[in-house]
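Trainee: Here is what each chain is made of, one letter per residue.
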Amino acid sequence: MARAVSSNRKLLNTLIAWTIGLIIFFPILWTILTSFKTEAQAIADPPIFFFFDWTTENYSVVQERSNYMRFLWNSIIIAGVSTILGLIIAIPAAWSMAFVPSKRTKDILLWMLSTKMLPAVGVLYPIYLIFIQLGILDTRIGLIVVVMLINLPIIVWMLYTYFKEIPGEILEASRMDGASLKDEILYVLAPMAVPGIASTLLLNFILAWNEAFWTLNLTAAKAAPLTAFIASYSSPEGLFFAKLSAASTMAIAPILILGWFSQKQLVRGLTFGAVK
Amino acid sequence: MATQQSRSAARMMMAPAVILLLAWMLVPLIMTVWFSFRKYLPLRGGDLGFVGFENYSRFISSSSFWPSVQTTLIIVGGVLLITIVFGVILALLLDQPMWGQGVVRILVIAPFFVMPTVSALVWKNMFMDPVNGIFAHLWKFFGAEPVQWLSQESLPSIVMIVSWQWLPFATLILLTAVQSLDSEQLEAAEMDGAPYLKRFWFIVLPHLSRAITIVLLIQTIFLLSIFAEIFVTTGGAFGTKTLTYLIFQRVLESQNVGLGSAGGVYAIILANIIAIFLMRIVGKNLDT
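Here the protein sequences come in this chain order: A and B.
Residues 70 to 345, numbered by this note's numbering, are exactly what the first sequence covers, in order.
Residues 1303 to 1590, numbered by this note's numbering, are exactly what the second sequence covers, in order.
It is worth saying that the hints were derived from the structure and are not from the lab.
Note that beta-carbon positions come from the ideal geometry of N, C-alpha and C, so glycine has one too.
Just so you know, not all the hints are guaranteed correct.
[Claimed, not checked] Subject to a maximum C-alpha distance of 30 Å in a straight line, what follows is the list of computed DSBU-like cross-link-like pairs (lysine-lysine):
| id | chain 1 | residue 1 | chain 2 | residue 2 |
| --- | --- | --- | --- | --- |
| 1 | A | Lys175 | A | Lys233 |
| 2 | A | Lys333 | A | Lys175 |
| 3 | A | Lys333 | B | Lys1586 |
| 4 | A | Lys291 | B | Lys1586 |
| 5 | A | Lys185 | A | Lys172 |
| 6 | A | Lys333 | A | Lys185 |
| 7 | B | Lys1586 | A | Lys172 |
| 8 | B | Lys1586 | B | Lys1341 |
| 9 | B | Lys1586 | A | Lys185 |
| 10 | A | Lys251 | A | Lys172 |
| 11 | A | Lys185 | B | Lys1543 |
| 12 | B | Lys1586 | A | Lys233 |
| 13 | B | Lys1341 | A | Lys185 |
| 14 | B | Lys1586 | A | Lys175 |
| 15 | A | Lys233 | A | Lys185 |
| 16 | B | Lys1500 | A | Lys79 |
[What the hints assert, rightly or not] Far from chain B, by Cβ distances over 12 Å, these chain A residues were calculated:
| id | residue |
| --- | --- |
| 17 | Phe119 |
| 18 | Pro260 |
| 19 | Lys333 |
When you get a sec, could you build the whole thing from the sequences and use the hints?
Mentor: Set out below in structure tokens:
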């Protein structure tokens, strides 16, 4: 509902919005700034904003002391593989629901959504027990499966809403021209579906990366991703602000960047297509 | 017009997702319900047999149950109130013409991408630390006594941290809804001399009501199960033990699986009551 306004009004809007935006962003900015300070400067009173001796020492200390790379690698593997597995399972399902809908399609979609609403803590012990029995507690494979399953409903839903927008007439036309199911998927559907699949991949990678219930409860030393690594800073190491900041910055930087690309898909993905 | 063949192909394609989710839902759910009727202490004798509804009554009558319900309601209610009120204001503001709109949008959305353990730790240490936190500096600057945020004001502190994380979500969805508002209607009202508040109340707010409802329901479901924020900041101390956290402690910390499972069943029922409302709205949207 943007309308023409005077440039005074525009200036005022800009000022207010930037002020609020910077306040909201401040904790992130402050974390990034602090990560480049020495420990003494990090707790200086009054706080120092930009004029300190920039140092990257904290980053190397964090890496040396805690083997940051291993946690990073666990995060990448868990988020990446679970998302790709989820897509492999969800794409056929969403495709068939979007293009060959039956009377039950709506019920199945809503039921899938309902599994997402199951509170994780309600099934914590059974999952824990199953993990022990299968010997997959504190392994990446176990977490990959769990994270894949908790995101699967969102993946199916997002793909479904994207696929739904592909006009069915094109498929019919290709069928008339004698395209087989395989041709139809490969040459007609795939090119049109790629953007939707890419956004689904992006958003679910982010969700998987930040998942912090199962990753905290089902990992210890071996398979712990960055969420658990950061939680280990809760005390007393958290008192080293600069190192805490360096570790935090490394944990959130990749996702902040991916997040910028995914902001448009965020709404669709998280409201299950109910707000577009 | 789908053929018999394509129908069975469709079923085959849906099967893996359906079977996996069915197993993911049913197996742990049945186990939780099963455990909830048994006295099961893995570290102190194991499975000691069937006890009927004893776990259910014990869970409710334990001294930490009602406080945990109250804590849960305060956190969920507080965060909902803050994120929705500020979300509407921010959405309306971000919709106004300004310079650098895209950048401001990114600044506002950014907290959503910060992993929960990071935001909890950054707030806990760098902002709410009573000696070296930014707030302590700020309070001292104005000559006030620094607050022991996470011990004295534990609930407001957690509400604040969680609101910071969820404000972007509310703002983004409400902004999407604001942008679909018919500007002609607003202009007509403006020409008829309706003041801003009236326009907001009678045109903008009704238009947003659907989006607000969706934000409310989705956030409620996620907020009911917040965990990392409490795990990292207070560990459930200082009156911040939510229902989720209480169940977690019963199950994993004190290893009383029967009791914790009964709590889990309560949590599942509670989440389902809210989920039904959400599903109805989402389901209606599928028809159009």
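Trainee: List, from low to high, the hint numbers that the structure doesn't satisfy.
Mentor: The structure conflicts with hints 4, 8, 19, although it agrees with all the remaining ones.
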